[in-house]
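Protein chains in written order, with the working numbering: chain C, 146 to 396; chain W, 146 to 396; chain Z, 3 to 275; chain A, 3 to 275.
No false leads were slipped in.
Covered stretches of chain C, as calculated for chain A (at least 3 residues, CB under 8 Å):
no.	stretch
1	192-203
2	272-282
Residues from chain W that keep clear of chain Z, each with C-beta distances beyond 12 Å, as calculated:
no.	residue
3	THR345
4	VAL357
5	LEU370
6	ALA374
7	LYS385
Treat the hints as calculated values from the structure; they're not laboratory data.
Glycine is no exception: its CB is placed at the ideal position from the N, C-alpha and C atoms.
Each chain is listed here by its residues.
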Amino acid sequence: MTTLQYTADEMMTVTAARSLTTDMACFVGIGLPSTAANVAVRTHAPGLWMIYESGTLGTNPDSLPLSIGDGILAETADTVVSVPEVFNYWLQPGRIDVGFLGAAQIDRYANINTTVIGGDYSDPKVRLPGAGGAPEIAANCKEVIVIVRQSARTFVDSVDFVTSVGHGKGAGDRERLGLTGRGPTRVITDLGVLEPDPSTRELTLVSVHPGVTVDEVRAATGWDLRVAAEPETTDEPGEKELSVLRSLTSS
Amino acid sequence: MTTLQYTADEMMTVTAARSLTTDMACFVGIGLPSTAANVAVRTHAPGLWMIYESGTLGTNPDSLPLSIGDGILAETADTVVSVPEVFNYWLQPGRIDVGFLGAAQIDRYANINTTVIGGDYSDPKVRLPGAGGAPEIAANCKEVIVIVRQSARTFVDSVDFVTSVGHGKGAGDRERLGLTGRGPTRVITDLGVLEPDPSTRELTLVSVHPGVTVDEVRAATGWDLRVAAEPETTDEPGEKELSVLRSLTSS
Amino acid sequence: MIVPLDEGIREFVHDGDTVALEGFTHLIPVAAGHEIIRQGLRDLTLVRMTPDIVYDQMIGAGCARKLIFSWGGNPGVGSLHRFRDAIQNGWPRPLEIEEHSHAGMANRYVAGASGVPFAVLRGYTGTDLIAQTSQIATVTCPFTGEEITAVPALNPDVAIVHAQRADRSGNVQLWGITGVQKEVVLAAERALVTVEEIVDNLDPVPGQVLLPSRVVSAVAEVPGGARPSYAHGYYARSNPAYQDWDAIGRDREEFQRWLRTEVYGTARTTREG
Amino acid sequence: MIVPLDEGIREFVHDGDTVALEGFTHLIPVAAGHEIIRQGLRDLTLVRMTPDIVYDQMIGAGCARKLIFSWGGNPGVGSLHRFRDAIQNGWPRPLEIEEHSHAGMANRYVAGASGVPFAVLRGYTGTDLIAQTSQIATVTCPFTGEEITAVPALNPDVAIVHAQRADRSGNVQLWGITGVQKEVVLAAERALVTVEEIVDNLDPVPGQVLLPSRVVSAVAEVPGGARPSYAHGYYARSNPAYQDWDAIGRDREEFQRWLRTEVYGTARTTREG
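Just chain C, with the same shape it has in the complex (with noise of 0.2 Å):
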């Protein structure tokens, strides 16, 4: 075995990419989620239908799209429907099988923040974009992955704004709230994979990347993070998930 050479961020997209299965319906965010889609379609999930929320259903990209509307979608997919359709009829009824999701913030119970970081939501310190399609996508898929990068301003105790559910305060919640999808199952960072806690849906290290100790994680982490009794080690990319992806993020 050979030792490749590879970035942090390129081992979050990569564990990111083989969380996705080839039968599956991904529905892509822009940025990190829609390199790591990418890549599965282009090694082990090949049959991955992928859903961008300008409408593209069935999308097959040949290059990496700069925007969730780009022209390299609609001339690829299988179809291109409304905005409207593509909520209502698409993601409202629960037939995406993934959600895939950035964050600016996310906490303890995997909430996500994508508005406004620190004062109050009417005198922000920092204002952000937005929600877009995010809340419903977090609410409606079967479940969702998120990929973020980690840092204790970024994974906090308590989000600053909840503009997607996650798995609210903790264990039936989801249910509560009526919300039909399983919500986040897996947090997947340039550290390692956090996952759920099964009864208390609190995140739980489960997973360090190679060379990444347990400490640095916790470090990382704005809260007194929970780690799995044996956490595993991930593995390293393999050199066809390394060359697909370049092959990507360079063009």
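Here the structure of chain C is known, so what remains is to put chains W, Z and A in place on it, guided by the hints.
Quick look at chains W, Z and A alone, frame taken from chain C:
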């Protein structure tokens, strides 16, 4: 002036066609309404924008369609939309100037029955096809024109079943029900033309076709028919109107 | 994914199911309806905006317990006599009906396809339809206080539609008048599609509706499967067949003779036309 | 029906109007937005699912009193600095915001286009968006008793969209990603459309949306009118222009210089690119 030969049905259809103007959008029912609208397009109303409930918008068939969903309607339309769209985006918001309807029974206040005649609903004497698009055409078009052959069996004091609301039980009823359109403004028959009285909304004979007496119209009406002080005599069909109508119906 | 029609019906349609064979004048899945008769399915709740002669045939053959519909007639000809005989005389068995307007039915499918429990519309107000079913109600707008009509989502167990083409993966393409076909397929638990032909590639066609294979349970290649209705780009409507149906459907004996020779007496592959 | 852009804006857009310039990444009516700036319109309530750099420019130029939106950013680049400066510092004037999710906005347009006062959806539940606006509520399903989210219809005074083509009668044709363009045009009181070209005949294109001239108030021929966004089949997105905007928008002085040279200093016909 030559005297043209024509039938009572031809008189009725031509009169109905004359109710349409070139700048109107018309929601067209199959049968007599469709014939009349197609005569109008070929005579004085070339710009008439015809919609059929199958989703064909701005259609202009070169021959009379036999059903509301003939292929010729799709081929000659500005665009074909789904059935939910034609009802929700086009009919419901009041974009259509005139709805053209037929009737199996019609009453004093121009309420229409196309559901059941005689007996009661669960054990009727005659089971008719039912509502189709008529209730919402009657509710939501800016105005409604009814084309129906007149007889005491069809023109009844009170319909056995209100499939489509005309003027309910009289003045103020449409407003009370929240119906946005003005409802039936003309009922055109093979004997004459009836219009709702401006204050009571009761159908009133305003015009008789040439050769028809007011008494004949009364005899063909199942209630004590109101007649305008000086009912007009409908203009006879013109040569062009008749030749267009005949070329359509013989094809 | 690609199956013979008889297998598709056997696998996806069961006694007691709520079944919607849709098609708004165009692309009516007639061959599939005949296969349902041939397989002797019973106690179906049949759903369709415009039940026409194939529903008359299924009702006359005793497949249906209930009909949910908005316009039941023989387009351009007149009444459906098997439908009337079932309602008025209970022959061959009683038929329960639930009746709507087109706008109501279309919105029920839309709600069903959208995964919400109901839809709102400006409809039914003042009509006698409201008194005949519990499936029409009102809700109050939380913003304006206006009262508006509501209809419940309709989610059939099975949707059956006919289309022009499918590819070998089961992606389905239809065009021309496409009615409520997308909505009924998305609203249903299972969807069976008959097509004129299976092709290698679905070249885009203006006005097309594409049903991705993910929402299609099975596709059966049945050329002529919409006859005597039509398939835009393939064949025209047989108006004489609709006219001839009037005499056949009017008489129980005549109808049963028709059933024996035209449905029970035919194999699936020779049944068209 | 066919008018120069400046006349179209002058006739159909007025101070204080609620104006929606829509376009989901594709076919963004940038030239129309610049003409609004050039004419010095004020106190607009701007509506758009995805306000991007043209809304940043209109806000920075002081056209807007309020923004109704669901995602405000520079796609693929980052934040909108004029938008942030208006919210956080009230420069050049305070900006009120009303914030939704995409699903909520899309359904508000759908209700607006449908002539009903509200739409229902499975959305917003559990989020902090609900507390920030009165335009999100719940209704109870009259059939199932389930409580579900409602949003009110959105009916702008004016919708402005860009499309590939129109014919001389004002029928408009667009294709590729068509977003919510049909809905916003149908929901609005008036609709102004800029197009790449006016042609004699609109030959059908797969995936097209056709806006009949009856629902279009006026069409202006503005080749390149969506730049730096793109027009499918005509030109590609200028990603550098979006990236360059970050530095321009970040600085008030730089922004005002840009306004002077790129908007105020240009005639309508030389403004593209």
